[in-house]
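Asks: Protein chains in written order, with the working numbering: chain A, 24 to 188; chain B, 1270 to 1808.
Each statement offered as a hint is correct.
Derived Cβ-Cβ restraints for the label pairs, each shown as a range: (1) Asp140/A to Gly1355/B: 53 to 63 Å; (2) Lys1570/B to Pro83/A: 19 to 29 Å; (3) Lys1777/B to Gly136/A: 32 to 42 Å; (4) Asp140/A to Pro1780/B: 43 to 53 Å; (5) Glu165/A to Trp1605/B: 32 to 42 Å; (6) Glu165/A to Glu1561/B: 20 to 30 Å; (7) Lys129/A to Gln1718/B: 32 to 42 Å; (8) Gly136/A to Ser1653/B: 25 to 35 Å; (9) Gly1305/B to Asp71/A: 57 to 67 Å; (10) Asp140/A to Pro1331/B: 51 to 61 Å.
Distance condition first, Cα-Cα at most 30 Å in a straight line; then the derived DSSO-like pairs of lysine-lysine: (11) Lys1727/B to Lys129/A; (12) Lys1727/B to Lys100/A; (13) Lys1540/B to Lys64/A.
Computed footprint of chain A on chain B; a stretch qualifies when at least three of its residues, placed anywhere within it, have a C-beta under 8 Å from a C-beta of chain A: (14) 1615-1625; (15) 1703-1712.
Read the hints as simulated data drawn from the structure, not as lab findings.
Glycine included, C-beta positions come from ideal geometry on N, C-alpha and C.
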Amino acid sequence: METTQCPRCSEATLSDVRDCIQRFGREQGNLLPVLHAVQRKCGYLTADAMEEVADWLNIPVSEIYGTATFYTLFSTKPLGKHVIRLCDSPPCHIEGSAGVRRLLEKHLGISEGETTDDGLFTLEVVSCIGLCGVAPAMMIDEEVYGNLSPETISAILEKYRMEGG
Amino acid sequence: MPLYRSHVLVCNGTTCVLKGCQAVQAALLEEIRSRGLENEIKVAETGCLGISEKGPVIVLYPEGVTYCELTVADVPEIVEEHLIKGKIVERLLYKGAIPGEVKAAHRGREKENRVVLKNVGTIDPTSIEEYLALGGYEALGRALTQMTPEQVIDLVKRSGLRGRGGAAFPTGLKWELTSQSPGDGRFVICNADEGEPGNFKDRLIMEGDPHSVVEAIVIAGYAVGAHTGYLYVRGEYHQSIANLERAIADAREMGFVGKGIFGTGFDFDVKVFRGAGAYVCGEETALIESLEGRRGESMVKPPYPPTHGLWGQPTVINNVETLANVPRIVLNGAEWYAGLGTEKSKGTKVFSPCGDVLYPGVYEVPFGVTLREVLYEFAGGTKSGRAFKAALIGGPSGICVGEESLDKEFAYEHLSPGAGALIVMDTGKCIVDAINSCQKFFLHESCGQCIPCREGTKRLYEMTSSWVEGRAREGDLELMETLAEEMAVASRCGLGQFAGNAFLTSYKLFPDEYRAHVSGGECPTGICAMNNGRGKDNG
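Build out the structure end to end from the sequences listed, making use of the hints.
Replies: Right under this line is the structure:
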C-alpha cells in the first residue's frame, strides 16, 4: 500500500499523497486547502486521494466528492499537463471570445472539456477571470494571456509545445 | 535604505506581463548595469498602472514620466537619453487624455482622486519599506495607540463609508453590529472573491498595494474585537495571493501582524484563504460555507454574519476596496472623507470600464461623476469610433443603461455603480447576444440548491440562446419577463434574484431589437448566428 504508485503521477506514491494531506490540521475548515494541495501534487483529485482526505478530516467521502465537484478549479478527472481556461463572460464575449474559442478548438483538435491525445492541453471555457481590461483573455495554468488574436494564440500554444509540454 | 537618483517602475500587473514587460525589465537592468549605474538608478516592479492596453509600461521618477508600448529595442535609448542625458524620449511617451496632447503622466490621473489606488502603480508592492515610506501602517499605529475600538467605529461611521462590493451597506454600522454581538470569538473576513464579470479593481488593489488591505483588516479586527482575519481570494488570482502572502509575512516580521501589535496587548493574525472557482462564494453566507470547508451554498438570511458568521460567531465581511479606504480615513479624518462625493454617497469609487472602450482600466473618482465623464474623459470613448449603445453597470447582475443615462451621476441615490464594472457596447454590438452571454454566466454559476435559480437560470439561457440562433417561439419575451421577475422574488440569494436584471432593464431600452430576434427572426447588427447560419465574430 505504502509504495503503491499514484495512478496519475509517476513520482507521487500514495504515501506521498498521505504526507501531503497530513501536513494540514484535521479541522473541516482545511478541506479546500487540502484539496488544492492534493490537486497540485497529483494533477487532479484521484479517488484514492479523496478517500485519504476523508479519513484525515473525518468527513464522508461522498461529501468530499460533492465539495470537489462544486468548485471549478478542482477536477476529479485527469487533466492535460496544461489547463487552458478561456473566459466566455460578457466582457470577453463582446470582444470576440467565441472566435477565440473556435480557433483554440481548431488548433488543438478538441472541444471544451476535452484533453488533447498527447495529454498536453485541456481546454476549459470558464466564467470571468478578472482580466476584462485585456479581453478576450485566457489563463494557461497560472499564466494569463490577454488581447488574444489569431496570431497570439498560435504563438502561445507553440511556446508550450516547444517546451515539450 | 540606499538612496537612488532615479526610480524606474516597471508595471508588472498581470496584464502587462503578457505584453512582455519582464523582457523589458531584464534589458533595463542589464543596460543600467553595463553602464555602471546600478547604484544610482533603481529598477522596481510595480502593480498595474491602469493602462492595460498600452503595455509594457514604465514610469520614471522623480520626473513622473510614463513610457508605453515598449520593446527591448527601446531600452538603450531610454537609458542613454532619459537616465543619462535627462532628455525625455518623446516618441515613447504615453499619450494622455485629450487627443493630440502629449501628457507626461498616465491617463486621467490628474482628474482622478486616488484614495484606495494612491499607491497602486507608484510603489513596489513587494516592498514593505516603500509602503512605510508613504505613511504605511501609521493608521494602524494611530488606531491602536491613540483610539479606542469605539472611536475607530465612530470614525468610520462618520466618514459615511459604505460597502464597495455592490450592496453599499454602511461599513461603520456593520462593524458596530458585529462588535456588540455576543460570541466566543469574532472574525473579520475580506471578501476578495471578485467574480462579477467586468470587475477587476480588487485584483489591482491586491496586486498593487497589498499592504493597504493587510493594514485595514488589522484595524477592522481591533475595532470589532476580533483576533483572526481571513482574506478570501478567488483561486484564479495567483498574483494577488502571492503579493498578499508576501505582505503578511513582511508585516508579521515587523510586528504589524501577530502578537502585541505596536507594543499594545492587541493580537491579530491574518490568513490568506484561496477560493476554488465559484462565483457564488462572493455572496457572504456562501463564502463562509466555503471557508468552513463545504460547498459554497448561500444560507437563508437572517441571521446575518454580524451576529452569526464564521463558525457561528459575529463576523465582519468587507470588500477589498471598502477596507482599503480605512487606513486613509484613519489618517485623514472622517470629515475629509465625507467631504468627497455627494450628500448620500461619500468618498470615491473605483470604476473598471471595459468592453468597447479605448482605454479599459481602473479609474478612481469621487461619487457624483457622470457615466459620460467616466466613459469619455477616462476611458477615452469607444475604441471603434462608433456611438455608445449601452453599458452593463456593475456587471451582468447590475443594470443595462443606454445613452439616456449618460448624464446621470454615479451615487447610491441616483445611479448605483454596483462594484464599479462598466461593460460598454458600441452600436455595432447586439444587445440580445450580450444578454445571452449574461444568462450563460448565471446558468454556469448557479449553485443549484434553490429551485427558482437552478431551474430559472437554465430556462432564461435556453430562451436567449434560442433567440440568437433564430429558434424563438411566440410569447418568449413575455415568458422571459415573468420568469425573471419571479426569480427576483423567489430566489434565495442575489445570484438568482439578479439573474434576470440585465435582461429586464435592456428589454425596456431596446424592445425593437428583441422583437426583431423573436418575431422577425433577424439580428439588426448581424452579430447573431441566424443571419448567415454561423454568425460573425464580435469585435
